[in-house]
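Modelling step: build the complete structure from the supplied sequences, incorporating the hints.
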Amino acid sequence: MVDNTKVSKRPRGRPQIRPDDETRQMILQAARQEFHASGYAGASMNRVAERAGVSTKTMYRLIPTKAELFQSVISARISRFILEMDEEHLDGLPVDEALEHILIAYGTLTFDPDTVSSLRLVLAECDRFPEIAAAFDELALRRTTQTMEGWLRQQRDRGMIEIDDTATAVGMLRGMMVMEPQRAMMLGLKPPPDHAEIVKRARNCARLFLDGCRPKQR
Numbered sequence: 000m001v002d003n004t005k006v007s008k009r010p011r012g013r014p015q016i017r018p019d020d021e022t023r024q025m026i027l028q029a030a031r032q033e034f035h036a037s038g039y040a041g042a043s044m045n046r047v048a049e050r051a052g053v054s055t056k057t058m059y060r061l062i063p064t065k066a067e068l069f070q071s072v073i074s075a076r077i078s079r080f081i082l083e084m085d086e087e088h089l090d091g092l093p094v095d096e097a098l099e100h101i102l103i104a105y106g107t108l109t110f111d112p113d114t115v116s117s118l119r120l121v122l123a124e125c126d127r128f129p130e131i132a133a134a135f136d137e138l139a140l141r142r143t144t145q146t147m148e149g150w151l152r153q154q155r156d157r158g159m160i161e162i163d164d165t166a167t168a169v170g171m172l173r174g175m176m177v178m179e180p181q182r183a184m185m186l187g188l189k190p191p192p193d194h195a196e197i198v199k200r201a202r203n204c205a206r207l208f209l210d211g212c213r214p215k216q217r
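Mapping of the sequence shown onto numbering that gives the first Met the number 0: residues 0 to 217, in sequence order.
It should be emphasised that the hints constitute simulated quantities derived from the structure, not laboratory data.
Certain hints may be false.
Stated by the list, open to error - Now the in silico label distances, taken between C-beta atoms and shown as ranges:
{"id": "1", "residue 1": "Gly187", "residue 2": "Asp19", "range": "38 to 48 Å"}
{"id": "2", "residue 1": "Met185", "residue 2": "Pro18", "range": "30 to 40 Å"}
{"id": "3", "residue 1": "Gly170", "residue 2": "Glu87", "range": "20 to 30 Å"}
{"id": "4", "residue 1": "Thr64", "residue 2": "Gly91", "range": "40 to 50 Å"}
{"id": "5", "residue 1": "Pro129", "residue 2": "Glu83", "range": "29 to 39 Å"}
{"id": "6", "residue 1": "Gly170", "residue 2": "Lys199", "range": "20 to 30 Å"}
{"id": "7", "residue 1": "Tyr59", "residue 2": "Gly149", "range": "32 to 42 Å"}
{"id": "8", "residue 1": "Asp210", "residue 2": "Gly38", "range": "36 to 46 Å"}
{"id": "9", "residue 1": "Pro129", "residue 2": "Ala166", "range": "19 to 29 Å"}
{"id": "10", "residue 1": "Thr64", "residue 2": "Glu87", "range": "32 to 42 Å"}
{"id": "11", "residue 1": "Ala36", "residue 2": "Arg127", "range": "14 to 24 Å"}
{"id": "12", "residue 1": "Pro18", "residue 2": "Arg119", "range": "25 to 35 Å"}
{"id": "13", "residue 1": "Gln32", "residue 2": "Leu186", "range": "22 to 32 Å"}
{"id": "14", "residue 1": "Tyr59", "residue 2": "Leu186", "range": "33 to 43 Å"}
Yeah, the Cβ is synthetic: ideal placement off N, Cα and C, and Gly gets one too.
Shown next, in the form of structure tokens:
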């Protein structure tokens with residue numbers, strides 16, 4: 000009797016290699032954990048590689064220094080906010096709803112515990128490592144400011160709002176939306192606002208802001 004049962008064989012050749020983009024994301028997730036656990040000075044590149052489950056050779060090939068690793072962690076988080084600022088989507092909304100959307104995205108980013116931990120780290124260690132303050136300013140503060148300011152300029156050019164100084168206006172918007180809740184979080188006085196609280200605050204801030212800068216003829 001002949002047994003015709005086929006035996007599955009492992010395919011020949013080299014094992015499948017994980018794409019660099021996927022490996023990089025694993026490294027950044029591990030780096031976030033390491034920075035929050037150990038601070039910037041105490042963070043170890045070797046421990047990051049261990050947390051990510053990759054070799055140190057691979058990690059140094061993709062992200063060669065701790066400074067670049069920190070910059071990449073900050074940039075990846077801010078990129079989520081930038082993606083929320085899809086011009087085509089915002090252009091399809093009334094100006095008040097578009098501003099609410101922007102403020103909800105900004106509040107969600109700012110009140111995230113990871114963001115607060117990163118800010119605490121920067122404030123605690125920026126005297127010893129001014130490069131992390133510079134990275135946070137350039138990659139987090141300036142990028143969010145420029146994105147929001149670009150939207151305000153667009154609305155001003157369309158005649159939807161009247162604003163002379165868009166940079167100052169963005170500072171007012173940011174402060175009104177996040178300053179008090181974030182300070183309470185930083186001091187450990189209150190937990191992060193939940194989504195419903197963020198939405199409510201964004202709606203109130205958008206209304207107060209727009210009521211102050213709508214064209215008079217409207």
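Comparing the hints with the structure gives:
Between Gly187 and Asp19 the beta carbons are some 39 Å apart, a value that agrees with the proposed interval 38 to 48 Å. Look at Met185 against Pro18: about 38 Å separates their beta carbons, and that is inside 30 to 40 Å. At about 27 Å, the CB distance of Gly170 to Glu87 agrees with the hint of 20 to 30 Å. A beta carbon spacing of about 42 Å between Thr64 and Gly91 agrees with the range 40 to 50 Å that was offered as a hint.
The supplied range of 29 to 39 Å is met by Pro129 and Glu83, whose beta-carbon atoms lie about 30 Å from each other. Between Gly170 and Lys199 the Cβ separation comes to about 22 Å, which falls inside the hinted range of 20 to 30 Å. Checked against the given bound of 32 to 42 Å, the beta carbons of Tyr59 and Gly149, roughly 36 Å apart, stay inside it. Checked against the given bound of 36 to 46 Å, the beta carbons of Asp210 and Gly38, roughly 43 Å apart, stay inside it.
In this structure the hint that Pro129 and Ala166 lie 19 to 29 Å apart at CB holds, the actual value being about 24 Å. At roughly 37 Å, the beta-carbon separation of Thr64 and Glu87 lies within the given 32 to 42 Å, and the hint holds. Our hint of 14 to 24 Å for Ala36 and Arg127 holds, since their Cβ atoms are close to 18 Å apart. Against the hinted window of 25 to 35 Å, the Cβ-Cβ separation of Pro18 and Arg119 comes to about 33 Å, which satisfies the hint.
Range check, Gln32 to Leu186: about 24 Å between beta-carbon atoms, so the 22 to 32 Å window is met. At about 38 Å, the beta-carbon gap between Tyr59 and Leu186 stays in the expected band of 33 to 43 Å.
The earlier numbered hints are all upheld by this structure, with none contradicted.
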